[in-house]
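Number of protein chains: 4
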Amino acid sequence: MCNLWGFQMEKIKIGIIGAGGYGGCGAIELFYSHPNAEIRALIDKQDVDKSISDLYPHLKGFCDLPLMAPDDPDCPEDLDVVFFATPDGVGQKEAPLWLDKGVKVIDFSGDFRFNDLETYMGYADRIGRSQGHVSPKLLPRSVYGLAELHRKEIASSDLVGNPGCFAVSCILGLSPAIDSMLIEPESIICDAKTGVSGAGKTPNATFHYPARYESMNAYKISGHQHVYEIERELGILGGQEIKITFTPHVVPLCRGILTTIYAQLRGGQDLKGVEEAYRAFYKDDLFVRIFGPLEPQGSVNVRGSNFCNISLNVDERTGRLIVVSLIDNLVKGQAGSAVQNMNIMFGLEEASGLLHPGVYP
Amino acid sequence: MCNLWGFQMEKIKIGIIGAGGYGGCGAIELFYSHPNAEIRALIDKQDVDKSISDLYPHLKGFCDLPLMAPDDPDCPEDLDVVFFATPDGVGQKEAPLWLDKGVKVIDFSGDFRFNDLETYMGYADRIGRSQGHVSPKLLPRSVYGLAELHRKEIASSDLVGNPGCFAVSCILGLSPAIDSMLIEPESIICDAKTGVSGAGKTPNATFHYPARYESMNAYKISGHQHVYEIERELGILGGQEIKITFTPHVVPLCRGILTTIYAQLRGGQDLKGVEEAYRAFYKDDLFVRIFGPLEPQGSVNVRGSNFCNISLNVDERTGRLIVVSLIDNLVKGQAGSAVQNMNIMFGLEEASGLLHPGVYP
Amino acid sequence: MCNLWGFQMEKIKIGIIGAGGYGGCGAIELFYSHPNAEIRALIDKQDVDKSISDLYPHLKGFCDLPLMAPDDPDCPEDLDVVFFATPDGVGQKEAPLWLDKGVKVIDFSGDFRFNDLETYMGYADRIGRSQGHVSPKLLPRSVYGLAELHRKEIASSDLVGNPGCFAVSCILGLSPAIDSMLIEPESIICDAKTGVSGAGKTPNATFHYPARYESMNAYKISGHQHVYEIERELGILGGQEIKITFTPHVVPLCRGILTTIYAQLRGGQDLKGVEEAYRAFYKDDLFVRIFGPLEPQGSVNVRGSNFCNISLNVDERTGRLIVVSLIDNLVKGQAGSAVQNMNIMFGLEEASGLLHPGVYP
Amino acid sequence: MCNLWGFQMEKIKIGIIGAGGYGGCGAIELFYSHPNAEIRALIDKQDVDKSISDLYPHLKGFCDLPLMAPDDPDCPEDLDVVFFATPDGVGQKEAPLWLDKGVKVIDFSGDFRFNDLETYMGYADRIGRSQGHVSPKLLPRSVYGLAELHRKEIASSDLVGNPGCFAVSCILGLSPAIDSMLIEPESIICDAKTGVSGAGKTPNATFHYPARYESMNAYKISGHQHVYEIERELGILGGQEIKITFTPHVVPLCRGILTTIYAQLRGGQDLKGVEEAYRAFYKDDLFVRIFGPLEPQGSVNVRGSNFCNISLNVDERTGRLIVVSLIDNLVKGQAGSAVQNMNIMFGLEEASGLLHPGVYP
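The listed protein sequences derive, respectively, from chains A, B, C and D. All residue numbers for the first sequence refer to the working numbering, where the first residue is 1 and numbers rise by one. All residue numbers for the second sequence refer to the working numbering, where the first residue is 362 and numbers rise by one. All residue numbers for the third sequence refer to the working numbering, where the first residue is 723 and numbers rise by one. All residue numbers for the fourth sequence refer to the working numbering, where the first residue is 1084 and numbers rise by one.
Hint data in this document are derived by calculation from the structure and do not stem from the laboratory. In this text, all values refer to a predicted model and were calculated from it rather than measured experimentally. No false leads were slipped in.
In silico lysine-lysine, BS3-like type, Cα no more than 25 Å apart, as pairs: (1) D:K1128 to D:K1184; (2) D:K1284 to B:K581; (3) C:K767 to C:K815; (4) A:K60 to D:K1355; (5) B:K604 to A:K272; (6) C:K965 to D:K1355; (7) B:K421 to D:K1303; (8) C:K815 to C:K735; (9) C:K923 to A:K220; (10) C:K874 to C:K1005; (11) C:K782 to A:K220; (12) C:K942 to D:K1355.
Given these sequences and hints, build the entire structure.
The following block contains the structure:
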């Protein structure tokens, strides 16, 4: 195995905590074809001692490691990085143990998406987490794990807060417009449609097949917790406080987030300038693809891949920019971004293990 | 059979032109349980002489009439009303023949949604219909067939242009806000998600099962033809020109339109006032149900029924009204509205034949 | 309201126990358009005091009764019939209380599908119910509620065991062949495919949307409990013990059971004779429709209706009869059959409240 | 690149004819991660000069080759192998041109699945191909491309007839039972359920989303053309003529064939012996996985991968073997088998480019 500088090096040794969920499964799938990494430990509170391929039979022969309890003394100590594919609250409690051993940490929850306590507490309010943060001293050390905005900080960090799936979709769809001041910041509306897999593996009444196969709905109208990180990141980029309206919807498909973003263009802006700004902003970002208004934009085109497809449109009649932003919520919206972050943190090719087109139909 | 005044009368004799499409099928299903109407003729260019229950085997035993050619000399003359479940251009050509015989006409296309030629020509531009209108003299006689706005005109009309499915969803979702001047008219954005049945029965690559089951997309961004009638109706109601941004999306389900409507509240408006205005506006409208922000709003709740469910929300942080409007595109969005219009035109109970809850799950 | 003899009579007063499940919901939908019956009490252990239309919002305005606890003292006493839309074990415990008050009982579970204890105990073994039957004295009084086989007994019964959904599909598909001795009884194989709604409303991992939308599987291979009643009914009809192979499968749709039935034709039998036998057997059965080999047989053609569509085919090369039997598992396979039984028990038109074609697409 | 003997060799140069269909797309996806092969030409009658990534936007950046017309003079001459991902009749006409140039051929249709004219003519009858075979002299040179049965012949062949998707599922599910004489050959019944993608990319009324999302059906009962190759292969293996009953069904999912196979066990056979026979038969076959009766068998477990999962069950009550055989119709049922065949024909690792677990959920 070679890194960017051509040295032979050993494979990165990986642990996944919360390995039994969709986030863990997605990471395992990606690591199977990653040339420079190998999974050494799968950790979960549930299904301990079962093989991961009993939970996910498609993995049989590809990854048959057993799930270990979080406190299993046999868990390997010499890992290079652990992924917390766990809900809010787990990573902030357990990350210090790993960091102290020199193991890098990538957390899938909101635990490390905000690098100061005050900001975190605003987020904690939104999710009803009254007890605050368990490891507040770690927050300044953490980096928001969206490579397209924070590649450099990620490269030198050992603690990355992987972004929320809706946040990836909205932030990538809006950043160039904010950065180049193309739009009125107070006019931003994000209307997001997500597949069901975003809600995870645990069954509930809302996602029971008969209740869902022929139904769509809005939810958490103007109250979704991802708004907080979207506004935070856009605010930093734009140098001013930004408040958006964000409405998530669930539609009956499995993978994909399509966010339709509306914002008032500033005077003098047109489609041509918008396209140029977006292409310039993402010129070094392999996983962001910019499309014009007439190009194909079905969510299936990013299914199973780490790409974000962005389509740019201008409604001439009302002077609005309309951006359609597409990702696979389980790849670019979760495990794919996490692997991308890991690659950056270890000086590997950023796309290592991520160059799959997905499967169609 | 009784009308509203208690007289015994014969059943209304119905013809359906374009009976073989989803619109025709939907009307046939509704008329089966309509106490005051019976289908006498099914007319279509395709599948002539086949029984409708060969095309739609679920109708076997309920309606087995053959499809007649449009020029079939055996077509009954003494119909009371014909439904044109046909694309743009058919009704405007053939409606005069029926009207001249004293037969009322309800057209499902855009042919009679605009009651003056100039307005129609604006619409014709949008759909690429350069040849104009074949029967322009009929336009002033036509009424826009949305009962909640035009009940009285429909009652005295013999020519009704049934509204577009997206238009029903948007206009019902916005009318009270426009009527009571609750919102800034230039701030309106309608983000619509439709099931696949809205595209009709004819197969094409976009709606082929493997291409669609796991894909969603936006289309005709800022260019959908239904915008025209939405703006027209809202403009009349608001007494001023109104321009909206409207983005339709297709998601992988069969029936349902969910439109999320965003608009800036005018100063001093709040959720309570909005709810009151909506309830007052629709106080006589059986088929519009108003919900507050926390109430359930899955599209399956209107599937197979003629209801429009409207949920009202205010984003306090940005001062925006967010309305979620739900219909079944094939019922309230098409055949159900048509039957409702017919009921009004013939002095029947407006809900006659339409009081079905639908089927769940 | 009129019964078959033209007398005016009051509406039948109905109670539904276990009203909050899919079986209860299906019955409520059917009773809304039933001319001779009305629901007086909805009873459930869960969601007590909630309106049924809070659980099933599509029922709002159609049925808003509250769910009462099973022991609610306010439950009306003067019901005419109660439906136990409950799992095994509930009806056998509570039915005596109702029967003693002169209330007829229709039970959706296996509790009253076998009219002697020995036979029931064989079934109890299959479902792991070691404690036996709570009310064994009622068993001889009970009737197997498949109208096409037991119309007369049902008419004079006050205790009906509504058949299992797979059993309806298999028994209707096989009865004429057994009755006319067209096939070798030991050669019968039933390969059944069911939609997900058959598993009921309670969410679980197997029917979680992401796990199910793109997966099909066989289950309980040669061990499903419905085999027992199928063999029982066919055995009675054929006058000999009959053992079948039955394999259920779940496929990703909501409503429908398609059972493909294979059996060796006896010498001298051909398609023509088979068709004649089937048509003769079901000549008085409105809800069974016989089709030849080339006619359309999608499960959607019975969706939402009480029909069983049977298609007859002969594989000339191997001498096998191949019957395709289609029902909606929630209608003819459950609530529809129950209403049909009630109609028979009360001397009403058998099809009363059941003549709906369903909705397409 | 290395072959099995460790020599460096150039990448195999591939052409795909009929590249625009699902079969072509599937091959392109597989070749992207194939270490020893690269696509040099994509040929199709339709969409000539378009990039394949315009047809399949998920391929953008992975394969952007243009589609060339079949007679394009610029088509590279120095290919090593061409895949005919085309319907019956194309390969038999054009294959000689390629073979004469020393290019190996793998054909996805029935054109080269039978290595003598008489047998082919029986197949031609089934598909209504009255004109016979265009290149009958090639037939003895062709090999049936199911690696698990014909690995050696494939290795030395330059003309392979890739098997039909249903045939792969049935033959793999039955071969050990036939080979070890475990079952009565005249008792075999194959009940197959396929996803919609098996019907290809061309839209039609049967696979239009609204007509399909909630419907399943049997078709071509006892008349499907794949029966012919199944009986042919099993007959060779069993050393006797074998006639089976085969019923295909379409269910509403995209990828997957689940075939439930029924056959009478011969005296003295039991589950243990059956399992041993199956494991022994497939001991060298990486892509066939044998499961016992209780192990998980959802079709999603093979989705996107080249595996065939076989579950073995015995119905003790009737003495029947019940085999559940699962494949992805587009991978092991088509493009995956083709790549597997190519690997064998060129002396590569048989699994080269095929070791993907697929993606879940």
